[in-house]
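Build the complex: two chains, separate frames, hints provided.
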Amino acid sequence: MIETSELTKVFRDRKRGEIRAVDGLTLRVAPGRIYGLLGANGAGKTTALRVLATLLRPTSGSASVGGYDVVAAPERVRAQVGFLAASTALYGRLTARETIEYFGRLHGLAEPVLAQRLARLADELELHEFLDRRCDKLSTGMKQRTSIARTLVHDPAVMIFDEPTLGLDVMAARTIVRFVRGCRDRGKTVIYSTHVMAEAEKLCDTIGIIHGGRLLAEGTLAELRARYGEPDLEEIFVRAVGGEPGPGAA
Amino acid sequence: MFWSNVRTVFAKEVRDSLRDRRAVISMFVVPTLVMPLLLLTAGAITAKVVKKAQSEASPVTIVGGADSPQVVAELRADPRLRVVEAEGDFRRMIAEKRVRAAVELPAGFEAALAAGTPATVLLHHYEGELKSGFGVGELERFFRELRERTVAQRLAGRGLPADLVKPFAVQRRNAAPPEKVGGNLVGGIVPYLIILLCFTGAMYPAIDLTAGEKERGRWRRCCAAR
Chain A
1 MIETSELTKV
11 FRDRKRGEIR
21 AVDGLTLRVA
31 PGRIYGLLGA
41 NGAGKTTALR
51 VLATLLRPTS
61 GSASVGGYDV
71 VAAPERVRAQ
81 VGFLAASTAL
91 YGRLTARETI
101 EYFGRLHGLA
111 EPVLAQRLAR
121 LADELELHEF
131 LDRRCDKLST
141 GMKQRTSIAR
151 TLVHDPAVMI
161 FDEPTLGLDV
171 MAARTIVRFV
181 RGCRDRGKTV
191 IYSTHVMAEA
201 EKLCDTIGII
211 HGGRLLAEGT
221 LAELRARYGE
231 PDLEEIFVRA
241 VGGEPGPGAA
Chain B
1 MFWSNVRTVF
11 AKEVRDSLRD
21 RRAVISMFVV
31 PTLVMPLLLL
41 TAGAITAKVV
51 KKAQSEASPV
61 TIVGGADSPQ
71 VVAELRADPR
81 LRVVEAEGDF
91 RRMIAEKRVR
101 AAVELPAGFE
111 AALAAGTPAT
121 VLLHHYEGEL
131 KSGFGVGELE
141 RFFRELRERT
151 VAQRLAGRGL
161 PADLVKPFAV
171 QRRNAAPPEK
181 VGGNLVGGIV
191 PYLIILLCFT
201 GAMYPAIDLT
211 AGEKERGRWR
221 RCCAAR
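Going down the list, the protein sequences come from chains A and B. Quick note: the first sequence uses this note's numbering, first residue 1, plus one each step. Quick note: the second sequence uses this note's numbering, first residue 1, plus one each step.
Extracted from the complex, chain B is given alone in its bound form (with noise of 0.2 Å):
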């Protein structure tokens, strides 16, 4: 008894369930159609914004550094930055998303580095902003860029290689063919966008035929009956 009735049940609400506009729209359209043009529109709105956040030059600001003329100049200089002249707090300015990220150069920077000193640069960001983030990204690449030519030049100084600190290089190969790395994406991604495009279809019958039965007081004739 218990089956059969489990089967007239889903059979009944299956009819039903099937001649309700709006349940087929939530079950076929929404998860067929709307949510992957979302999905994709989201994308494609989120993948233009990062690419002309990054093709952007980031405006930084420049704190201290009035000893150091040289790094502040190639800092200007550098097509991916823009330099801002500071305006009051630059910790607000960045909290005002005003600049992207700043640089605080340490008293006496340049000397340092001739004198092969250590010396700390501070970079100051916003957080989890993902423009600051660019920003940053950009002063990082700068001072990596600076360092780098830095080692080279001590070397040099010292009649050195510049690979000597750079005995080897690593790289990265990619051995699987082009459609299979492809393929290797999408069905990482694919699976779970079904189970969860599941899950948006089946939401509004799953409400309807629970809290919507409640409240309409079918579920007691059914009930009532064996």
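Next up, chain A with everything else stripped away, as it sits in the complex (with noise of 0.2 Å):
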């Protein structure tokens, strides 16, 4: 379960002043559905998604993670957190082997549970054939399936993913979304962040569309196509965050 409630980020820039990158952002995910934070690049997507992995402190409002606050108790949040981006950020000395066992030993893994998931997640997404291979000699689709054995390896019940396909192939993208379902189909709790619409479409159970650090409509594919009495989530997504006037409009 993901919970915010109000939760805000404010940075401090010399010449810009100050900029809320997150502005009172309320949301809920629930166990078992993939919530999607949808918005444009500069949107707030990853500040609220960095907040939620604690790798930011939130200016305002609060945030928890499976019960836990972000604040209050960090090592309990990110004991339960995946966290996955197109960047594989690999080490490219490392073996695949080595990159998975080092995650699995930086969240506390005993050696005899680290080499049962690593065996088990090299049968799930088939790294045998290149698991003592080093990670700057694998192939593009290897690095991604190695990035997600690493983000899995320490079995997270809530997986955050920011714009995990931007940049990606087709077949490399295919591979994140088939296993994005797989999360939500072992019961995590998902957090998405995209600004293609065709994903959010395909992928999530609740959409939230954010724009300038405020959550500016929220609901299910169903639910928005209702509320703006359009079929097309591009559409829905301009009029929301007030781009166009809709066909209604006088």
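Hint data in this document are derived by calculation from the structure and do not stem from the laboratory. Because the structure is a prediction, the values reported are computed rather than measured. Please note that the accuracy of each hint is not assured.
Chain A is nowhere near these chain B residues, computed Cβ spacing over 10 Å in every case [unchecked claim]:
hint : residue
1    : Asp-20
2    : Leu-33
3    : Ala-53
4    : Asp-67
5    : Pro-106
6    : Phe-109
7    : Leu-130
8    : Arg-147
9    : Ala-162
10   : Ala-176
11   : Ala-211
Below, in silico cross-link-like pairs of lysine-lysine (BS3-like), each with a Cα-Cα straight-line distance of 30 Å or less [said to hold, decoys possible]:
hint : chain 1 : residue 1 : chain 2 : residue 2
12   : B       : Lys-12    : B       : Lys-52
13   : A       : Lys-137   : B       : Lys-97
14   : B       : Lys-214   : A       : Lys-15
15   : B       : Lys-12    : A       : Lys-137
16   : B       : Lys-12    : B       : Lys-214
17   : B       : Lys-97    : B       : Lys-51
18   : B       : Lys-48    : B       : Lys-97
Glycine included, each C-beta is placed from N, C-alpha and C at the ideal position.
Structure follows, in structure tokens:
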């Protein structure tokens, strides 16, 4: 379960002054559901997700992951969170096995448990072929699967995806989408940020439209379609963020 | 948890660095081979340049001295000095390194010496310039010897012994065995050299592990883990 209440993150910049990257964000994501955070570049998606992953401290408001507050119990939050972005940022000189083991150890897994998890992930994600190859020698797809295994090694209950398909080719993007669905099917709580409408339509049970750090609209795809009188999510998005007047506007 | 994570990160970084050819070269080859070689080469070249500069007769120019032909002749005859005729401003000659130094003889210098009245000889040089330092040093040596000769002549003229103004001598003698002297010199340099080489070796991995990791965006992944 992910819950935020009036979550706000303000950055202070010498030149630009106060920047409210996230402004009063309130949302709730239940286990076994995918919440899509839909927004343009600079809308505040990444900042919100980084707060949830305890990489940033909120300025005000609250956020909890799996019942633990991100400020009061960040270690407990991190133990339950898997964070995946488009950039795999793997250690090129480590093998896939060493990478997965490294993150398993950072998550405090005991060696027998780690060995078990590694074997299971290698089976599930078909890593055996390149498990002992250095990451800088892997193809994009192999890197992506290694990155997924690294994210899952501690079996997190909550998955955070920050534009995970950005810049990937079709096949690599499909691997990610399949993996996200798999997370939902296994009962994980999933929050997924994207600015690709088609992905949000295909994947998300609930869609939140974020713009200028504020959550402007929220609901299932059907609810959003009914509310805006539009079948197309892109049109809904544009109307929600106030980019263009709707057909009904006088 | 904290220390186990420190161990995990440390072990991973060591493994990662040892597989990085650039890091291995920076950590081991540069401090143990390249830096000592560079230092030795630079030291040898400097020593050679200094030795050559010291062995050469220093080009100097004389300002004034028309009424002191004896001193000028002695300056010209000194094997450690090569007197160059002044061309325009002697200061400019020094600044352009055409001469290492210039000696400015006061008017009536030889007459003052003969009369026993004090006089001041000015030595002009290029502050901080190695060869100019040698040149002015040679001029100082020349005038020191001239002064000693003058004192000796004056004493002799009064029927006094030359050692009247030098009643005793002071000499230094090394009491330590030569190997200890060498060891002391090396011992004074080596620890500093080792510290310097450690810093040199650690520089690349340190930059790679901090700024490099931040640039590659991997820190975020580690921070997202416990």
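**OP:** State the violated hints by number, sorted upward, taking the hints as numbered earlier in the document.
**Re:** Going through the list in order, the structure violates hints 1, 12, 13 and respects the others.
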